[in-house]
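With the hints as constraints, model all of the structure from the sequences given.
From first to last, the protein sequence lines stand for chains A and B. Note that the first sequence covers residues 1 to 140 in our numbering. Note that the second sequence covers residues 141 to 280 in our numbering.
Not one of these hints is a red herring.
Here are some chain B residues pointing at chain A (derived, C-beta under 7 angstroms):
1. Thr148
2. Gly156
3. Leu157
4. Trp173
5. Ala270
Okay, derived cross-link-like pairs now, EDC-like style, lysine to aspartate or glutamate, Cα gap no bigger than 16 angstroms in a straight line:
6. B/Lys200 - B/Glu175
7. B/Lys242 - B/Glu175
8. A/Lys102 - A/Asp30
9. A/Lys60 - B/Glu165
10. B/Lys200 - A/Glu25
11. B/Lys220 - B/Glu232
Don't read these hints as lab results, they were simulated from the structure. Keep in mind it's a predicted model, so treat the numbers as computed, not measured. We put the CB at the ideal spot given by N, CA and C, even for glycine.
2 protein chains.
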Amino acid sequence: MPRPRHDTEELVTALGLLVRRLRAERAAHDLGWTEAAVIGRLGRGGASTIAELARLENVKPQSMGATIAALEEAGLVQRKPHPSDRRQALIELSAAGVALRKDVREAKRAWLQQAIGRLDPAERDTLFAAGEIMARLAQS
Amino acid sequence: MPRPRHDTEELVTALGLLVRRLRAERAAHDLGWTEAAVIGRLGRGGASTIAELARLENVKPQSMGATIAALEEAGLVQRKPHPSDRRQALIELSAAGVALRKDVREAKRAWLQQAIGRLDPAERDTLFAAGEIMARLAQS
DNA sequence: TATTGTTATACTCTATAACTATA
DNA sequence: TATAGTTATAGAGTATAACAATA
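Take a look at the structure:
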């Protein structure tokens, strides 16, 4: 029963290792991590605002502003005026963003996909179950 | 049994969320993530070289060189000549590094520790088991 | 006053490239 | 030639602070 503290240290270490490994695997033409998360979220959930996206992705609104500006510059998202609040801008995928999203889902994280494919089914289940738990932790 | 691809996408999303949440939680006086990993590793495994640490932590030797230089500047690690190869430098914890390591283990990741403490025991087991799997994936 | 977003600036972490010293 | 490490430079991602516009 003991060692939750020790296990937490190991969990953080494992997270760091995996994140750095995934970063190394990312091809040059690829989207950044937060960029890909935003593209995916807009694709699933539709238009949103910078403040809302920042809250959902656990970054400051200014940071999300920079991310959105980069995506906008790349032509992957576009702005549309908010119907009732002129302070806000609704961010939505452009046609290129919609198209890219398919490619991203197919091609990105190919390394992780393939590495996970070599795990035991039971380990895979554990990993995916932990993914849900981590998402919940991250938002608590 | 389907959806491994979908689950992989969600796993990456969860990793990103949790990493950003942990980053936000890190106090200003705290060690960076890789720095803490190096301190922990030196504490557990004893002296090591820059190239070895880079390999173990999944970064380039130059990047690890910068990390070590920062830790050295902070007085947390020190160099000692390699007994037989004058190209290499053995990096070891200083007295301050040893002392800090205890504090780091006690105080760091306090938020994660407490969040994990509120999980079901079964979820905690899943999370820690996934930690081992992720560490293995990261090194494969 | 509070909220949304922008601009300016800086820090952390990591990368690539070119170099020196040693093996 | 190959390996260990350093130096120089750059980029991504995020932060804080100060500001403008709108509610």
